[in-house]
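All chains should be modelled from the sequences, with the hints used to inform the complete structure.
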Amino acid sequence: MKTSVSCIHTSPAAISPIAEFFAREAPGIQITNLLDDGLLRLLSRGDQAAVERRLSEMLCVAQEEYSAAAVLLTCSAIPAEILSRLRLQVPLPIVKVDEPMAEAAVRTGRRIGVVISFAATCEPTERLLRKTAEAAGVEIEIVKRVVPAAYEALLTGRTDEHDRLLIDAVEQLAGEGAACIVLAQVSMARLLPKLAGRTKVPVLSSLSTCLQAIEQRLAISTSSPGKALP
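Under our numbering, the first residue of the sequence shown carries the number 201, and numbering increases by one thereafter.
Treat the hints as calculated values from the structure; they're not laboratory data. None of these values were measured; they are calculated from a predicted model. Built from N, CA and C at the ideal position, the CB exists for glycine as well. It is possible that part of the hints are untrue.
Capping the alpha-carbon separation at 27 Å, the derived lysine-lysine pairs in DSSO-like fashion look like this [claimed, not checked]:
id, residue 1, residue 2
1, K394, K344
2, K344, K400
3, K344, K331
Restraint-style ranges between C-beta atoms, simulated for each label pair [said to hold, decoys possible]:
id, residue 1, residue 2, range
4, E264, G377, 48 to 56 Å
5, D247, A396, 36 to 44 Å
6, E257, P212, 15 to 23 Å
7, G377, E265, 45 to 53 Å
As structure tokens, this is what we get:
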């Protein structure tokens with residue numbers, strides 16, 4: 201039997217890359233997608249109470265209707281304080297997609313480049329990196345590239361333009377001495393094949409690291425459905 205994991209999305213652009221990744225890399229996991237793309241508008245206008253209320257409802261659906269063993273929150277713009285309260289509400293592991301990636305970035309080097317296309321992601325991503333660095337006892341420098349035109353291009357189906365704009369941002373950060381570059385949103389995972397060979401700087405996407413975190417939380421191996429980790 202496959203392990204059920206519910207993904208909570210705030211953008212439809214996150215669904216396909218995650219579904220494709222888990223189908224390829226984690227055949228032992230059954231993904232269920234819960235989407236509310238209105239949450240990004242609520243975040244943009246600062247209505248955190250409404251965001252928290254809606255996420256709480258979706259967590260209940262994941263647990264009660266889909267029997268999820270874990271929840272993957274795919275939006276990096278969700279503030280940490282909301283996530284902390286949500287984790288107290290349900291007895292399920294809630295993995296925020298960018299947390300394991302932040303840990304990997306902090307281990308890689310002091311100067312961390314961050315590529316962002318949705319502006320509301322800036323503050324929570326920077327806060328997460330700094331909090332992770334503080335917990336690890338290291339100092340970091342964060343250099344950001346915010347490319348809202350790329351997000352608009354993605355929403356209107358201009359994926360080639362989206363990719364070109366973000367690849368340009370990655371290459372700029374690589375040229376400015378970044379030890380690694382973080383792709384702050386799940387929708388950017390599509391860039392990795394196109395970036396192969398274009399820079400020697402490690403480029404981190406959240407999907408591989410969050411899968412490892414889910415496996416560890418549930419003590420499963422996705423190479424064989426239901427196989428326990430050693």
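Open item on the list: Checking each numbered hint in turn, tell me which of them this model violates, lowest number first.
Closed with: none
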